[in-house]
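With the hints as your guide, set chain A onto chain P.
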Amino acid sequence: MLRFVLERLLAMIPLLLVVSLLVFSMVLLIPGDPAYLLAGEDASPETVERIREELGLNEPVLVRYGHWLWALLQGDLGTSLFSDQSVADVLLQRLPVTLSLALMAIAIALAISVPAGILAGIRPGSVIDRVVTVGASAGLAIPNFWLGLMLALVLAIRQPWFPATGYVPMAAGLGQWWSHILLPAFTLGFAAAAILTRQLRGAMVDVMDQDFVRTARAKGLPHRKVVVKHAFKNAAIPMVTILGVQANSLLGGTIIVEQVFGMPGIGQLAVASVFTRDLPMIQGVVIMAVFVAVLINLLVDISYGYFNPKVRPQ
Amino acid sequence: MLLTVDNLNVEFLTEHGWVRVVDDVNFDIAPGETLGLVGESGSGKTVSAMSIMQLIPNPPGRISQGGIFLDGENLLSLPDEQLRQRRGRDIGMVFQESMTSLNPAFTIGEQIAETVRTHLGLSRRAAMARAVEALDLVRIPDPHQRARAYPHEFSGGMRQRAAIAMALACEPKLLIADEPTTALDVTVQAQILELLRQLQNRFDMGVLFVTHNLGVVADICDRVAVMYAGQIVETAPVEELFRHPQHPYTEGLLRAMPQLGQAGQRLQVIRGAPPVPWDMPPGCRFAPRCPYAKPICEQHPPNLEGDHLHGSRCPLHAKLSLRGTTHA
Numbered sequence: 031m032l033r034f035v036l037e038r039l040l041a042m043i044p045l046l047l048v049v050s051l052l053v054f055s056m057v058l059l060i061p062g063d064p065a066y067l068l069a070g071e072d073a074s075p076e077t078v079e080r081i082r083e084e085l086g087l088n089e090p091v092l093v094r095y096g097h098w099l100w101a102l103l104q105g106d107l108g109t110s111l112f113s114d115q116s117v118a119d120v121l122l123q124r125l126p127v128t129l130s131l132a133l134m135a136i137a138i139a140l141a142i143s144v145p146a147g148i149l150a151g152i153r154p155g156s157v158i159d160r161v162v163t164v165g166a167s168a169g170l171a172i173p174n175f176w177l178g179l180m181l182a183l184v185l186a187i188r189q190p191w192f193p194a195t196g197y198v199p200m201a202a203g204l205g206q207w208w209s210h211i212l213l214p215a216f217t218l219g220f221a222a223a224a225i226l227t228r229q230l231r232g233a234m235v236d237v238m239d240q241d242f243v244r245t246a247r248a249k250g251l252p253h254r255k256v257v258v259k260h261a262f263k264n265a266a267i268p269m270v271t272i273l274g275v276q277a278n279s280l281l282g283g284t285i286i287v288e289q290v291f292g293m294p295g296i297g298q299l300a301v302a303s304v305f306t307r308d309l310p311m312i313q314g315v316v317i318m319a320v321f322v323a324v325l326i327n328l329l330v331d332i333s334y335g336y337f338n339p340k341v342r343p344q
Numbered sequence: 010m011l012l013t014v015d016n017l018n019v020e021f022l023t024e025h026g027w028v029r030v031v032d033d034v035n036f037d038i039a040p041g042e043t044l045g046l047v048g049e050s051g052s053g054k055t056v057s058a059m060s061i062m063q064l065i066p067n068p069p070g071r072i073s074q075g076g077i078f079l080d081g082e083n084l085l086s087l088p089d090e091q092l093r094q095r096r097g098r099d100i101g102m103v104f105q106e107s108m109t110s111l112n113p114a115f116t117i118g119e120q121i122a123e124t125v126r127t128h129l130g131l132s133r134r135a136a137m138a139r140a141v142e143a144l145d146l147v148r149i150p151d152p153h154q155r156a157r158a159y160p161h162e163f164s165g166g167m168r169q170r171a172a173i174a175m176a177l178a179c180e181p182k183l184l185i186a187d188e189p190t191t192a193l194d195v196t197v198q199a200q201i202l203e204l205l206r207q208l209q210n211r212f213d214m215g216v217l218f219v220t221h222n223l224g225v226v227a228d229i230c231d232r233v234a235v236m237y238a239g240q241i242v243e244t245a246p247v248e249e250l251f252r253h254p255q256h257p258y259t260e261g262l263l264r265a266m267p268q269l270g271q272a273g274q275r276l277q278v279i280r281g282a283p284p285v286p287w288d289m290p291p292g293c294r295f296a297p298r299c300p301y302a303k304p305i306c307e308q309h310p311p312n313l314e315g316d317h318l319h320g321s322r323c324p325l326h327a328k329l330s331l332r333g334t335t336h337a
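As you go down the protein sequences, you meet chains P and A in turn. Note that the numbering used here has the first sequence beginning at 31, numbered continuously upward. Note that the numbering used here has the second sequence beginning at 10, numbered continuously upward.
In isolation and in its complexed conformation, chain P is listed as follows (with noise of 0.2 Å):
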């Protein structure tokens, strides 16, 4: 098993190497001179001149990538063009905001779609497996955005229950941290719940129609053990395989739901970069996105086997 992940993790490198060179490639694409930027508009050209030679603009481009991975092997991912702050010290002052809300999104996906994949599941066609089928189509089709909103209009605001914007650590208390993540969290999560939910409905509608399932019931075990033992551990593997997915595209949705919420996370840096055109400060972003991505994907690959023994590594 460690030699699995072991395994994965080099296999990353290569990957990472062609990301960084296409974030590299950004800054060479995008029009306009970061030495103009820079200088502002009253510049001198001689100005303009020593800056291009000090952020080392004159070298060829494969040197300046070069001293660029370098740099960023060694954590430095440059230093923004506005706030004069280390990127990577920015980066990882809002890391934990997006990832307590990514988390508590994909917790929050699973205590809905696991219990209600089931129980819609094992009865096709009851009343539950409507209501949960229609809730399902519901969440699919609710925009985040607007799901947002109306949770912040009606519990933060009408009834304020819970504080409609804003993000304190868990270090500030626990309680306090909860009340401030529980909306963005269910906000982001409502849209992975329904997608999960569907596709454990379906697993599970086919699992309960195996032989296994038959043989577990012959066995005389409870209702209980043969629906979320033996029928869940076979109907989560696709599941797995989703919320891998998923997880990927909560990451892009905490853009929308931390400008919605006003949480200082990833999500609402990267808005602010792109407009202000702080050319390190979107790599980074990008960077480190990624690299969340590929991590989601190895731990999905780990859960793999334990779900489904066949795909093992001997």
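Since the hints were made in silico from the structure, they are not lab data. Beta carbons: idealized from backbone N, C-alpha and C, even for Gly. A portion of the hints provided could be inaccurate.
Among chain P residues calculated to face chain A with C-beta under 10 Å, some are [what the hints assert, rightly or not]: (1) 90; (2) 240; (3) 248; (4) 264.
Chain A is nowhere near these chain P residues, computed Cβ spacing over 12 Å in every case [claimed, not checked]: (5) 93; (6) 94; (7) 122; (8) 137; (9) 181; (10) 190; (11) 292.
Chain A only, in chain P's frame:
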């Protein structure tokens, strides 16, 4: 009697409405006895066997009438929870498809051990030890190691041995084996039959052996019940049934069986196809295919007649002299 199946009727809801696929089936099994339930696909033999455990999917199936008595207790009137406690403990079951009837996500050992834990309340460790014993009993080599393997790491024959170990782990009084050797190649089939025979002697189990293969019946069964179109058409001890069949359908089956020492002869097939359950012939259900049929056969549905030893549903059986075989 260990098991008595009394006037069992099973219906399925189809596009033709409720259709009876098992019609007035009666049989019983004594401790240590093996009854073969023989018939072609769709004859109702598997549905009858599943009904004993009440494993037919409901909907669309239902047991519309009858009684199933295990040691005199009617399983059909037991509450769900008590029925569950009989399954796997008093009645073990082995299925045809060893590939799909074991759960791919759990180890063989765990799948055996959980049965033991459920019914005998053993600890995890004791149950696993019992599972290893059970694997040893069905002669799986190196059972300690193999208990940790997953079904896909076993061959077909080994999986069926594991399935038998699972069914026998709680030493049930009755074993229901639904075509347990059909999916296996012939040498493995012979090994599994030998194993079943030995285990049966050891535990003095009653066995209901469902198969379409008369050769296997001759090999392992004490008595046979032949099913056709949802009904038992003939029942007798194996030797008697093979030598002196009293139903034309049984004769047809025997003639269609390849036999040693008769190489070069054509097998005789029964012409036509079985009726569909929503459009049964009004009289004898075999009459449209029967070479001996008389007009009277198509008028009244015949009953299963005869003494306790040999029964036949053929209205003409006393007048016919059907050909048997000495092969058994």
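Against the structure, the hints:
1. Evaluation of the residue 90 (chain P) hint against chain A yields a violated restraint, the C-beta minimum of about 55 Å exceeding 10 Å.
2. Look at residue 240 (chain P): its Cβ gets to within about 6 Å of chain A, closer than 10 Å, so that hint holds up.
3. At its closest, the beta carbon of residue 248 (chain P) sits 4 Å from a beta carbon of chain A; the interface hint therefore holds under the 10 Å criterion.
4. The interface hint given for residue 264 (chain P) is met, as the beta carbon of that residue sits about 5 Å from the closest beta carbon of chain A, less than 10 Å.
5. With 12 Å as the threshold on Cβ separation, the claim that residue 93 (chain P) sits away from chain A holds: the shortest Cβ distance comes to roughly 53 Å.
6. Every C-beta of chain A lies more than 12 Å from that of residue 94 (chain P), the closest at about 52 Å, which supports listing it as non-interface.
7. Remark: the non-interface label on residue 122 (chain P) is consistent with the geometry, its nearest Cβ contact in chain A lying 39 Å away (cut-off 12 Å).
8. No Cβ of chain A comes within 12 Å of the Cβ of residue 137 (chain P); the nearest lies about 23 Å off, and the non-interface call holds.
9. Its beta-carbon lying about 38 Å from the closest one in chain A, residue 181 (chain P) satisfies the requirement of being farther than 12 Å from that chain.
10. Chain A leaves residue 190 (chain P) outside its interface by the beta-carbon criterion, the shortest separation being 47 Å against a cut-off of 12 Å.
11. No Cβ of chain A comes within 12 Å of the Cβ of residue 292 (chain P); the nearest lies about 44 Å off, and the non-interface call holds.
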